[in-house]
Amino acid sequence: MLELKCLHKTFNPGTPDEVKALSGVSLTIADGSFTVILGTNGSGKSTLLNAVAGTFIVDSGSIVLNGTDLTHLPEHRRASHIGRVFQNPFSGTAPNMTIAENLAIASMRGKKRRFLTALSRGAMREFYDRVKSLNMGLEDRLDNNIGSLSGGQRQALTLLMACWNRPDLLLLDEHTAALDPKTAAKVLELTKNYIEKDGLTAFMVTHSMQQAVNMGERIIMVYKGKIIHDFSGADKKSLKAKDLYELFEDIKRRELIDPAASEILKANYV
Amino acid sequence: MYSGVKYSRKIIYVFSKLAPALTLIFCASAVLLFFSAAPVKRSQFSKLAIVYYSDTPISEDGIRGIKEGLKNHGYEESKNYKAYVYSAHSDSAALNGIIDAVVSEDYDLVFTISTPALQAALKKIKKTPIIFSSTGDPIGAGAGKSFAQHEANVTGICSLSDFSGMVSLVREIAPGVKKIGTIFCPSEINSVLYKQHLEKAAREKGITLEAVGASTAGEAVDAAESLCAGRGVEIICQIADNLSAASFATIIKASGAARIPVFGFVSSDAKHGAALSYAKDYYQGGIDSAKLAARVLNGESPAGIPFEYISKTTLIINKKAALACGLKIPESVYGRADSVIE
Amino acid sequence: MTLLLGTFTMGFILSLLAAGVLISFRIFNFADITAEGSLALGASTAAVLITAGSFGPAAALFIPAMAGAAAGAITGVLHTKFKINALLSGILVMTALYSINLHVMGKSNVALMNEQTIFTYFNKLLSISESANKTVLILGFSASAKEAAAAALAFILASAGGALLYWFLGTEIGAAMRATGDCPQMAAALGVNTDLMIIAGLSVANAFAALSGALLASYQGFADVQMGIGMLVWGLASVIIGETLVREKSIGFAITSAIMGSIFFRLLVAIALRFGMNPNDMKLMTALFVLAALVLPQIYKLRRKNC
Ligand SMILES: Nc1ncnc2c1ncn2[C@@H]1O[C@H](COP(=O)(O)OP(=O)(O)OP(=O)(O)O)[C@@H](O)[C@H]1O
Ligand SMILES: [Mg+2]
Numbered sequence: 001m002l003e004l005k006c007l008h009k010t011f012n013p014g015t016p017d018e019v020k021a022l023s024g025v026s027l028t029i030a031d032g033s034f035t036v037i038l039g040t041n042g043s044g045k046s047t048l049l050n051a052v053a054g055t056f057i058v059d060s061g062s063i064v065l066n067g068t069d070l071t072h073l074p075e076h077r078r079a080s081h082i083g084r085v086f087q088n089p090f091s092g093t094a095p096n097m098t099i100a101e102n103l104a105i106a107s108m109r110g111k112k113r114r115f116l117t118a119l120s121r122g123a124m125r126e127f128y129d130r131v132k133s134l135n136m137g138l139e140d141r142l143d144n145n146i147g148s149l150s151g152g153q154r155q156a157l158t159l160l161m162a163c164w165n166r167p168d169l170l171l172l173d174e175h176t177a178a179l180d181p182k183t184a185a186k187v188l189e190l191t192k193n194y195i196e197k198d199g200l201t202a203f204m205v206t207h208s209m210q211q212a213v214n215m216g217e218r219i220i221m222v223y224k225g226k227i228i229h230d231f232s233g234a235d236k237k238s239l240k241a242k243d244l245y246e247l248f249e250d251i252k253r254r255e256l257i258d259p260a261a262s263e264i265l266k267a268n269y270v
Numbered sequence: 001m002y003s004g005v006k007y008s009r010k011i012i013y014v015f016s017k018l019a020p021a022l023t024l025i026f027c028a029s030a031v032l033l034f035f036s037a038a039p040v041k042r043s044q045f046s047k048l049a050i051v052y053y054s055d056t057p058i059s060e061d062g063i064r065g066i067k068e069g070l071k072n073h074g075y076e077e078s079k080n081y082k083a084y085v086y087s088a089h090s091d092s093a094a095l096n097g098i099i100d101a102v103v104s105e106d107y108d109l110v111f112t113i114s115t116p117a118l119q120a121a122l123k124k125i126k127k128t129p130i131i132f133s134s135t136g137d138p139i140g141a142g143a144g145k146s147f148a149q150h151e152a153n154v155t156g157i158c159s160l161s162d163f164s165g166m167v168s169l170v171r172e173i174a175p176g177v178k179k180i181g182t183i184f185c186p187s188e189i190n191s192v193l194y195k196q197h198l199e200k201a202a203r204e205k206g207i208t209l210e211a212v213g214a215s216t217a218g219e220a221v222d223a224a225e226s227l228c229a230g231r232g233v234e235i236i237c238q239i240a241d242n243l244s245a246a247s248f249a250t251i252i253k254a255s256g257a258a259r260i261p262v263f264g265f266v267s268s269d270a271k272h273g274a275a276l277s278y279a280k281d282y283y284q285g286g287i288d289s290a291k292l293a294a295r296v297l298n299g300e301s302p303a304g305i306p307f308e309y310i311s312k313t314t315l316i317i318n319k320k321a322a323l324a325c326g327l328k329i330p331e332s333v334y335g336r337a338d339s340v341i342e
Numbered sequence: 001m002t003l004l005l006g007t008f009t010m011g012f013i014l015s016l017l018a019a020g021v022l023i024s025f026r027i028f029n030f031a032d033i034t035a036e037g038s039l040a041l042g043a044s045t046a047a048v049l050i051t052a053g054s055f056g057p058a059a060a061l062f063i064p065a066m067a068g069a070a071a072g073a074i075t076g077v078l079h080t081k082f083k084i085n086a087l088l089s090g091i092l093v094m095t096a097l098y099s100i101n102l103h104v105m106g107k108s109n110v111a112l113m114n115e116q117t118i119f120t121y122f123n124k125l126l127s128i129s130e131s132a133n134k135t136v137l138i139l140g141f142s143a144s145a146k147e148a149a150a151a152a153l154a155f156i157l158a159s160a161g162g163a164l165l166y167w168f169l170g171t172e173i174g175a176a177m178r179a180t181g182d183c184p185q186m187a188a189a190l191g192v193n194t195d196l197m198i199i200a201g202l203s204v205a206n207a208f209a210a211l212s213g214a215l216l217a218s219y220q221g222f223a224d225v226q227m228g229i230g231m232l233v234w235g236l237a238s239v240i241i242g243e244t245l246v247r248e249k250s251i252g253f254a255i256t257s258a259i260m261g262s263i264f265f266r267l268l269v270a271i272a273l274r275f276g277m278n279p280n281d282m283k284l285m286t287a288l289f290v291l292a293a294l295v296l297p298q299i300y301k302l303r304r305k306n307c
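One line per chain: the protein sequences are A, B and C, in this order.
For the first sequence, the working numbering gives the first residue as 1, with consecutive numbering after it.
For the second sequence, the working numbering gives the first residue as 1, with consecutive numbering after it.
For the third sequence, the working numbering gives the first residue as 1, with consecutive numbering after it.
Bear in mind the hints are in silico, worked out from the structure with no lab data behind them.
Where hints are given, some of them may not hold.
Stated by the list, open to error - No more than 27 Å apart at the CA atoms, straight line, and that leaves these computed lysine-lysine pairs for DSS-like:
| no. | chain 1 | residue 1 | chain 2 | residue 2 |
| --- | --- | --- | --- | --- |
| 1 | B | 205 | B | 312 |
| 2 | B | 179 | B | 123 |
| 3 | C | 107 | A | 112 |
| 4 | B | 123 | C | 124 |
| 5 | B | 145 | B | 127 |
| 6 | B | 127 | C | 134 |
| 7 | B | 328 | B | 271 |
| 8 | C | 107 | B | 145 |
| 9 | A | 197 | A | 186 |
| 10 | C | 283 | B | 123 |
| 11 | B | 123 | C | 107 |
| 12 | A | 20 | A | 5 |
As the list claims (entries may be wrong) - Away from chain B, derived, C-beta distances all over 12 Å, residues of chain C:
| no. | residue |
| --- | --- |
| 13 | 7 |
| 14 | 31 |
| 15 | 81 |
| 16 | 87 |
| 17 | 131 |
| 18 | 302 |
From a predicted model like this one, the values you see are computed outputs, not experimental measurements.
Note that CB positions come from ideal geometry on N, CA and C, so glycine has one too.
Let's have the full structure, built from the sequences with the hints guiding it.
What follows is the structure, encoded as structure tokens:
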């Protein structure tokens, strides 16, 4: 179970660039559930995921995963519980290292790294088998640098790496956004398989209403660093892509009104 | 099923990748080997190498001195000898490369200027005679057990200044002086050594030495300021090292403002604004080492030639500079001066 | 032959430095100038240990390497924990090391003329006398036995250093270190303590630089506080020239190429000196060699594209 309590994060506080990226996010996620996060650009979705992963330490609030308080742990310590796939295919893999070496690093997530060869025969065999299960023909290219692969192949590998040692929590940040539709579908398919097979607790950010409707059992909509909608159970099931579009339109309208309204207020009272 | 790559194929692959590099290295080695093995043409020319470590006025003075000294002994450049001058630019790797080149080139004689150059040469040159100069402590540098008992192919000129002579001069000119000062460079072995010698010579005459360390030209500015301000230094006796040679103008400027006279250990110091210079200088060191070189070139073995100090101490007085800081130099000292700058 | 052997010896000794530079420059993508200070630190520590006499040859290599590792760790801590720019951290530690080296030696230069160094131990092992000028025949050329032994020892040590580094970078920890330099975001997400890896990596890099310095001092017979000056460029040149010679990036090839680059570079310099190049132009030539190594592959690539 993941419990987020009243998370706050302000970037560049006290400067003209001040951004309140999270302003009081509270959320409880049940074990083995698949949650989809929606929101306009800059609403704070990635920031929320980063806060959980520990890319930065939140200003206030608490993050507890399965009873372990993660709030003040550095990113690399949290990584033993958390698997991540990023939007940018370049962020999730080391381009100048081989597929096998990348997998070797992933296979040690949450374990103590030792002065033992990373590419033992046994390990190579396991890499081969698991990569083969991707059905992408990559198992014969274990000695190739990851930099020579396509974005889709990289994302599929990153996903494989994130799920290598069953993570308590899987964070997916628009991980198919940079891919062409066919590859995206393939990676999404893999995602579903992993989550179902291992019963993972997952968080997925997406901009696709259709994905949101088709996948997961809960939808959360974020706006200006706050959760403004939360659909689960029957609500979620009955939700259509169209309904979500309308909610988005709503937000857009609000954004248009907000500045205009403040202008009026300024004119009248300042 | 995963199967490892075959070893034989792997080895072939590795070698195919390394082949161009190996070929190039092989060719370069062959070139070097061929040319270092080629017999050197003998002629009436003596082939001399001059190796120095860093590009400083001291090194340049030394080279000038060597060439001048050789001339005194009948050696004319490009008439009966050719000198190859090598600078290591303060770079150890380069220094060793130069020494290797010198070793394989069959020189008749090698001059070294400065301590590291002598040390690198000592390690590798076992036959060709080495004549060193600009080395304050040849024993410490490993050239031998004593001035008379030393490595068989080595002799040279120890560039220690006449410290007690300088202190006597200070006493003679200003009998009441209690404190003299100098800037020294902790990273130059000669500089530290000279400082110690000057300290000892001064102590023997009841004078204390105030020494301020500086390692770079930038620090020398601060060191000069601090030496001249409020330390009670009455005369600056500036020891000769690479740093002070490079930043002598700075010292003159600071001391001029405080009206503290400067006595220098390098003969050009007087010209550059010191009240006087009492110098066994590197130029003279060059001349003296050329004298030893001439003996060796005439067939004498270096083993039998003891190390020597720089032969002559030159006293030069700069009258204007002395007057400017209110220093009265007695007539007896004027009488001894080799030259006086009006 | 002496010239060739000397060149190879220097090439192998400095290839350890190149291996260190390979770590900072190619794994962490910045030229760590701490290496210049560490090289001199290694030389100073070795010189002091050797003159003290009561330490064996292994200690006179191991302790300097540890000293270099400590220096590298400080640079790493400055960079990761205090968020000081990597280049600046290196400059700070290098500057500090200058004074430290003076303190270590107690003066600016220590002579090792007739001391027992690893080279003399090796001679003893091969029963080559220090005083007699024994010669050996190599490929039909006569050469000083001592020089040949020195070259052999340097080769053995460089190979051992290279093999050690190859093994280390292939371990679980080594792989994590490379990933830290290659893609820090990925490394952190997979549980790698990236700060620690940078600190450890710079430690290893500077241990190699110090080892190189310790050997250099033993070989040339003295340690001087100014020994490190300009050394980073030698290391970079070796790495870059090596990469141009061996167009293969995997870690084993990278290490081999750095060693080969070091050798080839020394050879070029020796040839240039041998052919009477004005030594005043040496630095200029170094820059030109490196430039050529950087530019030639690009020209080659362009031509291939145009065809
Ligand atoms: N490291 C940072 N420093 C400063 N501001 C930041 C930082 N990270 C995010 N922000 C700001 O926080 C706000 C939320 O950003 P975030 O990346 O979470 O949005 P998002 O919902 O993921 O948007 P998108 O859909 O475009 O990915 C934005 O205004 C962004 O500019
Ligand atoms: Mg985002």
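| Which hints from the list above does the structure break, by number from lowest to highest? | 2, 3, 13 and 17
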